[in-house]
Amino acid sequence: MIPMTLAEIAAAVDGELIGGAQATDVADQADLVVDGSVETDSRLVAPGSVFFALPGEVTDGRRFVPAATEAGAALVVTPERVETTAPQIVVADGYAALAALAHDVVARVRASSADRVDADGRPAPLRVVGITGSNGKTSTKNMLATILATQGATIAPKGSFNNHVGAPISMLRITHDTRFLVVEMGASGTGHIAKLVSIAEPDVGVVLKVGLAHAGEFGGIEATQKAKSEMVTDLPETATALLNVDDDRVAAMRGLTRARVVGFGTSADADYRIAGIETDRTGTRFTLTGPAADQPGGTDHLGETADVRLAIIGEHHAMNASAALTVANLWGVPLATGAAALASMTRAERWRMEILPGGPEGVTVINDAYNASPDSTAAALRTLAQVVRPGERAVAVLGEMSELGEFATEEHDRLGRLVVRLGIGQLVVVGRGAMPIHQAATLEGSWDGESVFTEDVDEAVRTLQTMLRPGDVVLVKSSNSAGLRFLGDRLGGVTE
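In my numbering, the protein residues as written are 712 to 1207.
Hints are computed from structural coordinates only; laboratory data are not their basis. There may be inaccurate statements among the hints.
[Said to hold, decoys possible] Keeping only pairs whose Cα atoms sit at most 30 Å apart, straight-line, the calculated DSS-like set for lysine-lysine is: (1) Lys-869 with Lys-937; (2) Lys-869 with Lys-906; (3) Lys-937 with Lys-906.
Keep in mind the model is a prediction, meaning the values are calculated, not measured.
Assemble the whole structure, with the sequences as input and the hints as a guide.
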């Protein structure tokens, strides 16, 4: 975090500063400067950190104040006064305080960088991008961070830090030297993305896709669309809304924003147009053409074209990469420069279409089981069908897609039928929640493949160990909660 005094932090979070054990008066510590990390997990606290003692569903952060203090926390922010030797700021709402501090810090860095220039004398203020979508947020975030890091100091979330806690924590990692802040914005209900947008105030807001991920929490596709549209509805005229125009629900957001709108996709009306997508086991290839410099956002005179070569498999990653390339291009990074940076990536993220090296001899394992939705699972299955070579067998190991609510049975059933339609040779279904996939596949009379149902990961591993043969290409896909990412690691010989 940027250096701030305890008094400044207290003002930012609208809290009461209480001095630590060594202070005879609060004023003794009001001018104490803190510049360590901001943490909500006491296990991550280091000397100089700020510890937010937040209430949780299972436990209460106040229980861990002694541990945080022992680890060297310089400040504790808490909704109720606690016994601690460290200075503390008592606030009405810990989550609101975390958001307020993140907003204040981003605003301070914006102000301090307003007149900053780069080595060539060009303006170099802090630039902020927010990314949302039912699928692809984390991969796009990682791709964009990879590109922007070639241009200057870049901060992006670790993993999928994209909720009301993780996103502000990521924002608070910026310093006065930060050039680019990439914020992944997830949601499980209406108003969540709007809140994150109000904290970060993005210069560019990206919407990748509207799908059925978390549909059970949102209440359906229409509610999901409304929630994702919060990314662009409050953007000012000076900002840019970057929309996937191949998705009709995303493209419809064009009419909901005051911001400048730029579209990307394969459609003819895309400002940044994708063409020639190819994917195989070595990666994904496509071309991206942007508008000419004198026609920003226009489609009549398309200009710069870049050949993009990803070491990441899956046609859907062409969309993610194009979103990243477009954001960087809007900020002055040539498409070819961005494409060269993306060529260095060996994977989008751990457990996301990750080809594992240590599987059984002659067997290729693709571990894509960090998360799953109907759209992302369908995309992964299509990729599996595409990368299998003549004489090889496609094997799909599928677990439950969580958070689908009333849509769960229908969407799992749909995937079972897709497995058949794609000609996947062997299906292994893991867990009762995924049973409709197995049932739907076995009911399709036209299929010459086979489906096996297993109760849990251990049974699935034993089944696969006897079933797999050289030439098999195995896709492992499920939501995080199903635990199949560890099954994929076991099959692929990963022990980390």
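Violating hint indices (sorted, rising): Violated hints: none at all, because every hint is consistent with the structure.
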